[in-house]
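Q: Sequence:
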Amino acid sequence: EGVHCMGDNIIDNVDWRGIGEDAMSVRSYFPGGDINVSNGSEYDGDDKCFQFNRECVVRVTDFQCARVGKFIRQNGGKTFPLTIYLDTVTVNDFKEAIVRSDSPNCYVYYRNIRSNESESDWWMLETTPRQF
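When the letters of the sequence shown are read in order and numbered with my numbering, they come out as residues 4 to 135.
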């Protein structure tokens, strides 16, 4: 387990290596909030880089990730609102997706995304991601 966020959070300049389940998460029994992650990286994660189990607005900027299952995951089978902004993010060698959500209330906005994986494999979403 990595960092657990409660409410509004700023996570800046953190380098995660060899994480187990999640580098950072918002648990279902914690209040959600505005989560800002910037200038960081994550490498060699067994599962997810970021896990959201509660309504949040997430902004990830200037971040690099490689060799991970999923970059961002919304708790499976849940429909709470989750809004994600990705700006200047590189995710290479992921196993499943950059963002995965089963919810029609998950909205992804992105710009300056890079990956060595096919763009058609970036999203596992009920909604359509949009550039901003």
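Don't read these hints as lab results, they were simulated from the structure.
Some hints here could point you the wrong way.
Here are the simulated distance ranges between beta carbons [as the list claims (entries may be wrong)]: (1) Asn42 / Phe135: 11 to 21 Å; (2) Tyr32 / Arg117: 17 to 27 Å; (3) Asp124 / Thr91: 18 to 28 Å; (4) Tyr32 / Glu122: 31 to 41 Å; (5) Thr93 / Tyr32: 12 to 22 Å; (6) Val17 / Gly72: 11 to 21 Å; (7) Glu99 / Gly21: 28 to 38 Å; (8) Glu24 / Asp105: 26 to 36 Å; (9) Tyr112 / Asp11: 14 to 24 Å; (10) Asp11 / Ser123: 32 to 42 Å; (11) Asn42 / Gly80: 25 to 35 Å; (12) Met9 / Asp50: 31 to 41 Å.
Keep in mind it's a predicted model, so treat the numbers as computed, not measured.
Backbone N, C-alpha and C fix where the C-beta goes; we use that ideal spot for every residue, glycine too.
Q: None of the hints should be skipped; say for each whether it holds.
A: Okay, the hints, checked on the actual structure:
| no. | hint | result |
| --- | --- | --- |
| 1 | Asn42 / Phe135: 11 to 21 Å | holds (20 Å) |
| 2 | Tyr32 / Arg117: 17 to 27 Å | violated (35 Å) |
| 3 | Asp124 / Thr91: 18 to 28 Å | holds (20 Å) |
| 4 | Tyr32 / Glu122: 31 to 41 Å | holds (36 Å) |
| 5 | Thr93 / Tyr32: 12 to 22 Å | violated (33 Å) |
| 6 | Val17 / Gly72: 11 to 21 Å | holds (19 Å) |
| 7 | Glu99 / Gly21: 28 to 38 Å | violated (18 Å) |
| 8 | Glu24 / Asp105: 26 to 36 Å | violated (18 Å) |
| 9 | Tyr112 / Asp11: 14 to 24 Å | holds (19 Å) |
| 10 | Asp11 / Ser123: 32 to 42 Å | holds (34 Å) |
| 11 | Asn42 / Gly80: 25 to 35 Å | holds (33 Å) |
| 12 | Met9 / Asp50: 31 to 41 Å | violated (21 Å) |
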